[in-house]
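There are 2 protein chains.
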Amino acid sequence: MSDLFANLAGIVGPANLFTDAKDFAGSLVEPRGLFTGSARALVRPANTAEVAAVVAVCAAANVAIVPQGGNTGLVGGQIPKGPEILLSLTRLNRVREVDKLADTMIVEAGVTLADAQAAADKADRLFPLSLGSEGACTIGGNLATNAGGVAVLAYGNARELTTGVEVVLSDGRIVNALSKLRKDNTGYDLKDLFIGSEGTLGIVTAAALKLFARPRARTTAFIGLADPSAALKLFGSAREHFGSSVVSFELIPRIALDYVLRHAERARDPLGAQHPWYVLVELATQNASGLEDAATEWLGGAAEAGLIDDAAFAASGEQRLAFWALRENISDVQKFEGGSIKHDVSVPIGAVPEFIAEASEAVLKRTPGARIVAFGHMGDGNIHFNVSQPVGADKAAFLADWDGMNAVVHDIAARMDGSYSAEHGIGTLKRDLLAAKKDPAALDVMRAVKRALDPQGIMNPGKVL
Amino acid sequence: MSDLFANLAGIVGPANLFTDAKDFAGSLVEPRGLFTGSARALVRPANTAEVAAVVAVCAAANVAIVPQGGNTGLVGGQIPKGPEILLSLTRLNRVREVDKLADTMIVEAGVTLADAQAAADKADRLFPLSLGSEGACTIGGNLATNAGGVAVLAYGNARELTTGVEVVLSDGRIVNALSKLRKDNTGYDLKDLFIGSEGTLGIVTAAALKLFARPRARTTAFIGLADPSAALKLFGSAREHFGSSVVSFELIPRIALDYVLRHAERARDPLGAQHPWYVLVELATQNASGLEDAATEWLGGAAEAGLIDDAAFAASGEQRLAFWALRENISDVQKFEGGSIKHDVSVPIGAVPEFIAEASEAVLKRTPGARIVAFGHMGDGNIHFNVSQPVGADKAAFLADWDGMNAVVHDIAARMDGSYSAEHGIGTLKRDLLAAKKDPAALDVMRAVKRALDPQGIMNPGKVL
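Note that the protein sequences, when read in sequence, are chains A and B.
Each residue of the first sequence is one higher than the one before, counting from 1 in my numbering.
Each residue of the second sequence is one higher than the one before, counting from 1 in my numbering.
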C-alpha cells in the first residue's frame, strides 16, 4: 500500500493525495446522505496525463478506481465502497477551446456545467444542457450519466450534445477521440459507449461539445389545466405549432406547487386560481419577432378547445426565473414534507397520463394517504414519480417500503415499455433492477463489453453491472 | 456443406435458399461495379426468428455471414468474399407499428427508406432521413452504416433518428432493445454500438425510429455566390436567423451544375447568370406563415452584405424538385465525364473553405487538368470531394492513382481534424485507412469489442476491422 501511495504521490504531488479519510469526508457521502462510502485514498490529478498515470499505477497494483466529479449523482455511482482509490476530476477544469466557426468547444471533465455554459455564453453561443445541479455537477459526470435536464426536447441529452471524448482506459492508455465533426463514420461508436457507462469502462477526461446560436426570442408560459391527458394533447399541439422550438414542456401537479409555495422563499402562485395540474412551457426561436404573438394565438386556441384553463406568460426575465424556480425547487422542498420514495421513470410519451393514473392508484392502494408528486419532463416521457409519506405517518416505516413501492411502480412502467431510470443512471441504487429487468441477451452483451474493456474489473466496480 | 444447406433450407424453406451463384449474381456485385464477390449461398429469411436460426446454424458450422439490404452501400460492406453465406434482409419488410402519440414507428430491416418515409407520411408524420438511394436502400443498411443524407442539419443522421434496435447476435440470440423511449439510461448504449458497425457485431433486424410533425411551411432557394468562404458565412448567418429550421445547406460548384445540365434530362440552369459556386438551402418551420418573407429578408441582407450574388426561390413544388434534382444528380452524371476518384470527407465546419482550397491545389499539382467536383453537405462539414479525370486523359491511368490521390486528400483532411469517411462507412474500401489512421487505443478498443461480441469472427469478416 505504501508503495502505491508513493507512486500516486509521485504522479500528482503529495499535496494532491489524501490518505486520511477525515481529509476527504465530504467526497465519501452523497449530498442527500443516501449513499456513504470509504476509500483507501483520494487522488486529485491535474490533467489527462496524470489521470492516465494514476490509472496505470492502480492497474499494476490491481487496485480499483472510482472517478468522481461534482458528487451530485443521484444513484451512488460516484461513491466508493472501501477498497478503491477515489479519483477526483475536479482539477481538470480548463476550457481548452471554444471554436465559434465549428460551433464546438472542448472542455475538461472537471469543468462545472455552469462554467461550460458560461464559456459558451462568453463567445455568444449557447451550450444548452441545463439541470438543477448545474452549479456543482461537472461535464465528466454529465457524460458518465448521460445527463438529461430541461432542454432535451430541443437540443438532446448529454450524449447528443457531444461530438467527441477523450478517455483513459483501464490500463492507463488514452483514447483521443475528441472529434469536433458532425459526421464521422470511421468505425464503432466508442464515444457513445463511454457516455452513460458511469466510469465502468473508462474515465472521460475531456469532451468536445456542440454549441448553438443563442435564441433571439424566448417565451415562457405557466399554464393551468385539468389533468395529464390535457397536458399530453397540449404537448402534441405545441409540437405541431412550434416543432423543435419547444425547448421545455414540464408537468407539475398542484401538490408540488403547494410544497414549493409552503417551503421555498419568495415563491408566488403564478395564476389567479388554483388548478389541478400545470405545465411550464418554454419556446425559443432564432426569429426575433412574432414568437409571443404565435404563442398567444396558440394558447388562445387551446383555451377555446378546452385543453387549458388559464395561462400566464412571463412578462420579464425576472418573472421567467420565478416560473422556473417553482419547477426547479420541487425536488428540494419535498424533504420538508417527510420521507419520500422516488422514481425516475420514462414511458413512451403517449402513455404518460395512463402511467400516472395507474401508478397513483397502485401506490394509494398500497399506502393510503400517500401524497403523489408526479412531475417532470413530460415532453420526454420522463416523469419523476415521487411519493411523499402520508401526513403524520412514521417516516422510517414509510421509507422501509422503498423497494416494495419501487417494484410496483417500475412494473407498471415496464408494462408500458418504460424505463426505471430515464436520466439518473444505474449506479449502485438500480444495479439489481438492471440485472433483473434488462433483456438477458443485452445484459450479456454489456458484460462481454465490460470484460473486454476492463478485464481486471478495476473501473468503478459494483456500479451498473 | 450439404448439411449446412439442408439446415438452412429447413429454416427458410428451399425456395429461399440459393446455392447456385447464377441465381443471385445481382447480389454479388455493387451497382457501380466497384466491388464484386462470391458466396456459398444466398439465404432469404422471412423474419427475425429465421435470421436468428440461420445465424445459429452458421455459427455451429463456423461459417461466416454477410448481411445485405438494398445493396446500395458505397464501400463494399455488403459484398461477400467467397466463403460466406450471404444473408438478405429484404423479406423482413414489415412496418410493425406506427405510434403517433409516441411519435415513433417500428420497421423491419428490409423496409426500404422510401417505404419507411411513406409509412410515416400516411400517418401524417415525417420520417426525415433522406438520401439519393432512398428508393432502394433499406433501414437495416441505413443503420448499419449510420446513413446521413440531406436533412442531417435539422434532424440528425440515422443514429440520432433511432431510439431502439432489435439485433441478432453472432451466436443467434436476439437482443430486444426496441425501445421507443426518448430517455433511457439503463446500462451501456448498445443501440449506438450496433448502429454504424456494418454488420460486424450483429445483424439489425428491426428498428424503432423517431417521427416528427410535418413542416407546415417550407422554402427552397438556389443561391449563386463567389466561393466556399462566402457560403460558410452564409451558413453561419442562416443558423443565426433560422436555427434548426435550416434543414439542408448543400454546396455545389459550377462544374457540377455544368455536368448535370449536360447529362441529365430536363435540367435547367436555375439562375440567369453563371456563378462560380452555388448553395441549395431548404428551410422548414411549423409556423405556417412568415417563412418566405423572413427568408427573402435574410437573403436580401446577405446580398447587401455582398455575401451572395443572386438567388431564386422555388415557386412551386415542381420547381423545388427541379432544384433538388440538380443536386441529387451530381453523383450520377459524373460517370459521363470519364473516371472519377471520390472522397467522402468531413472537417470541422469552419475549415470547409480551407479544405477545398488546399485539397484542390494539391490535386491539381498532382494531376494537372483534373476537374474538381467538391460538393455536398456543407452544413455538416461533409464534402464529397470528387475528382474527374482531365478531359481526354486515359481513364485507367487516371484511376490507377486512386490510392495515391486519396492519400493526399485524406492527409489534408486529417491535418484539419477531419474524417476520411463522413457518411459512407468503412466496408472493405477504407479498412486499411482505418487501421492506419485511427487512434491506436481506439482501434484496440474496437478490436476488443469485436472479439467480445463475435469471438468466432463470423459476422461480416474483413469489413471495418
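Worth flagging that the hints you see were computed from the coordinates, not collected in a lab.
Source: prediction; values computed, not measured.
Some clues are possibly wrong.
Since copy identity is lost for identical chains, a pair holds within one copy or between any two.
[As the list claims (entries may be wrong)] In silico DSS-like links for lysine-lysine, alpha-carbon gap of 25 Å or less:
#1 K233 with K122
#2 K100 with K233
#3 K342 with K395
#4 K22 with K365
#5 K365 with K342
#6 K122 with K437
#7 K335 with K395
#8 K22 with K335
#9 K233 with K365
#10 K438 with K395
#11 K22 with K100
Structure-based check of all given hints:
| no. | hint | verdict |
| --- | --- | --- |
| 1 | K233 with K122 | between (38 Å within a copy, 21 Å between copies) |
| 2 | K100 with K233 | between (38 Å within a copy, 12 Å between copies) |
| 3 | K342 with K395 | within (14 Å within a copy, 69 Å between copies) |
| 4 | K22 with K365 | neither (46 Å within a copy, 68 Å between copies) |
| 5 | K365 with K342 | within (17 Å within a copy, 66 Å between copies) |
| 6 | K122 with K437 | neither (45 Å within a copy, 35 Å between copies) |
| 7 | K335 with K395 | within (11 Å within a copy, 76 Å between copies) |
| 8 | K22 with K335 | neither (28 Å within a copy, 73 Å between copies) |
| 9 | K233 with K365 | neither (28 Å within a copy, 62 Å between copies) |
| 10 | K438 with K395 | neither (32 Å within a copy, 56 Å between copies) |
| 11 | K22 with K100 | neither (44 Å within a copy, 56 Å between copies) |
In terms of the numbered hints stated before, the structure departs from hints 4, 6, 8, 9, 10, 11, listed from lowest to highest.
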